[in-house]
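S.K.: All chains, full assembly: derive it from the sequences and hints.
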Amino acid sequence: MSGHVVPVKIYVAIFLTLLALTGLTTGVAFVDLGAYNTVVALVIAVIKMLLVVLFFMHLRYVSNLTKVVVLAGFFWLAILMTFTLSDYFSRHWVDQPTGWGPSISAPPQP
Amino acid sequence: MAEMSASAAHAAEHERGLRHHFEDMEQQHEAGNLGMWVFLVTEIMFFGGLFAAYAIYRSLYLPGFEAGSRLLDVKLGATNTAVLIGSSLTMALAVHAAQTGKRKALVLFLILTMLLGAVFLGIKYDEYATKWHHGLVPGLKWAPDEEIPGNAPLGSVEMFFCFYFFMTGLHALHMIIGFGIMAVMAAWAWRGKFSPGYYAPIEVSGLYWHFVDIVWIFLFPLLYLIGGRY
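Order-wise, the sequence lines are chains A and B.
Counting from 2, one number per residue, gives the positions in the first sequence under the working numbering.
Counting from 5, one number per residue, gives the positions in the second sequence under the working numbering.
It is worth saying that the hints were derived from the structure and are not from the lab.
Beta carbons are placed, not taken as given, at the ideal position from N, Cα and C, and that holds for glycine.
There's no promise every hint is true.
Unchecked claim - A partial selection of chain A residues facing chain B, derived with a Cβ cut-off under 8 Å:
| # | residue |
| --- | --- |
| 1 | Leu20 |
| 2 | Thr26 |
| 3 | Thr27 |
| 4 | Phe31 |
| 5 | Asn38 |
| 6 | Thr39 |
| 7 | Lys49 |
| 8 | Met50 |
| 9 | Val53 |
| 10 | Leu78 |
| 11 | Met82 |
Claimed, not checked - Reference excerpt, derived from the structure (chain B facing chain A, CB under 8 Å, subset only):
| # | residue |
| --- | --- |
| 12 | Trp41 |
| 13 | Val42 |
| 14 | Val45 |
| 15 | Ile89 |
| 16 | Gln103 |
| 17 | Glu207 |
| 18 | Leu211 |
| 19 | Asp217 |
| 20 | Ile218 |
| 21 | Ile230 |
Claimed, not checked - Think about it this way: if two alpha-carbon atoms lie no more than 30 Å apart in a straight line, the pair counts; the simulated DSS-like pairs of lysine-lysine are:
| # | chain 1 | residue 1 | chain 2 | residue 2 |
| --- | --- | --- | --- | --- |
| 22 | B | Lys197 | B | Lys108 |
| 23 | B | Lys145 | B | Lys128 |
| 24 | B | Lys135 | B | Lys79 |
| 25 | A | Lys10 | B | Lys79 |
| 26 | A | Lys10 | A | Lys68 |
| 27 | B | Lys128 | B | Lys79 |
| 28 | B | Lys108 | A | Lys10 |
| 29 | B | Lys106 | A | Lys10 |
| 30 | B | Lys106 | A | Lys68 |
| 31 | B | Lys79 | B | Lys145 |
| 32 | A | Lys68 | B | Lys197 |
| 33 | A | Lys10 | B | Lys197 |
| 34 | B | Lys197 | B | Lys106 |
| 35 | B | Lys145 | B | Lys135 |
M.R.: As structure tokens, this is what we get:
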């Protein structure tokens, strides 16, 4: 028989967890955690993604070959992010554009 | 005769939807599933480029990105997140109905998925209209009539809205395509094209729909939430 049949109960439980996490991430956005606001928002987003991928998209129940392909996809994304960001943040290819903003929004100083 | 019965069995397999080049239904099912995942991996890289660009420009124009984020309506963003998660549930239930051979439930859940997708696009349209009204559309109508939070440089806020419209626009385009796919699936399901042995189109369409949901799961915090709203 092809395909794993996931019980409806599990789907509903995942759905409710996703809703709760959406509420949590929205609430946390209004609390000052400094730099950790971004970290918390992204961690919650990754947890939500894992729940969708593993249960709604059945990744938990598919063959190891498919799992490896998906992992490779995320590995490639990590390469894209890491190398691109490390170049931009360490080589100073782009200057901080300090001049152009205020000159548009505020009248020139005498 | 042995040959006759072999070809009769062959014909029976075809009736169940098995193609020539697969050994059995299970192999066919796994191949289709794997192929869809390979496509989704290319989609991850497609959106990944935008997310990387977002990270770079956010670091360069942080005040503008925070100010722009605070000009978005977090209530509408959260509502749309809930709507999309709900559509993922109905999609998962549609696959379940296909697997258990419930034709009417399958059609119903596909239509529910389309309805929730339409609600999402409707709310998105309303948000776009508001941004247009307030002159917050770079290139087409850039003349903000709202106070910019934190007095951020206007040019950097414009940069944020470029990303906002490109990322949500590309996502909305995927939603519209998904809506069309679901319409075709609902029509096929209504005609009884699927059975517990053959429901691959429903399953791979579902994978696509969930992927689009995941993109939004990341867009929501990146665009709406991390702007220092406290």
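S.K.: Each hint needs a verdict: does it hold in this structure or not?
M.R.: Structure-based check of all given hints:
| no. | hint | in the structure |
| --- | --- | --- |
| 1 | Leu20 | holds, 6 Å |
| 2 | Thr26 | holds, 6 Å |
| 3 | Thr27 | holds, 5 Å |
| 4 | Phe31 | holds, 5 Å |
| 5 | Asn38 | holds, 6 Å |
| 6 | Thr39 | holds, 5 Å |
| 7 | Lys49 | holds, 5 Å |
| 8 | Met50 | holds, 5 Å |
| 9 | Val53 | holds, 5 Å |
| 10 | Leu78 | holds, 5 Å |
| 11 | Met82 | holds, 6 Å |
| 12 | Trp41 | holds, 5 Å |
| 13 | Val42 | holds, 6 Å |
| 14 | Val45 | holds, 3 Å |
| 15 | Ile89 | holds, 5 Å |
| 16 | Gln103 | holds, 5 Å |
| 17 | Glu207 | holds, 7 Å |
| 18 | Leu211 | holds, 6 Å |
| 19 | Asp217 | holds, 6 Å |
| 20 | Ile218 | holds, 5 Å |
| 21 | Ile230 | holds, 5 Å |
| 22 | B:Lys197 x B:Lys108 | holds, 12 Å |
| 23 | B:Lys145 x B:Lys128 | holds, 18 Å |
| 24 | B:Lys135 x B:Lys79 | holds, 15 Å |
| 25 | A:Lys10 x B:Lys79 | holds, 29 Å |
| 26 | A:Lys10 x A:Lys68 | holds, 24 Å |
| 27 | B:Lys128 x B:Lys79 | holds, 12 Å |
| 28 | B:Lys108 x A:Lys10 | holds, 20 Å |
| 29 | B:Lys106 x A:Lys10 | holds, 17 Å |
| 30 | B:Lys106 x A:Lys68 | holds, 29 Å |
| 31 | B:Lys79 x B:Lys145 | holds, 24 Å |
| 32 | A:Lys68 x B:Lys197 | holds, 29 Å |
| 33 | A:Lys10 x B:Lys197 | holds, 27 Å |
| 34 | B:Lys197 x B:Lys106 | holds, 12 Å |
| 35 | B:Lys145 x B:Lys135 | holds, 9 Å |
In this structure, every one of the numbered hints holds.
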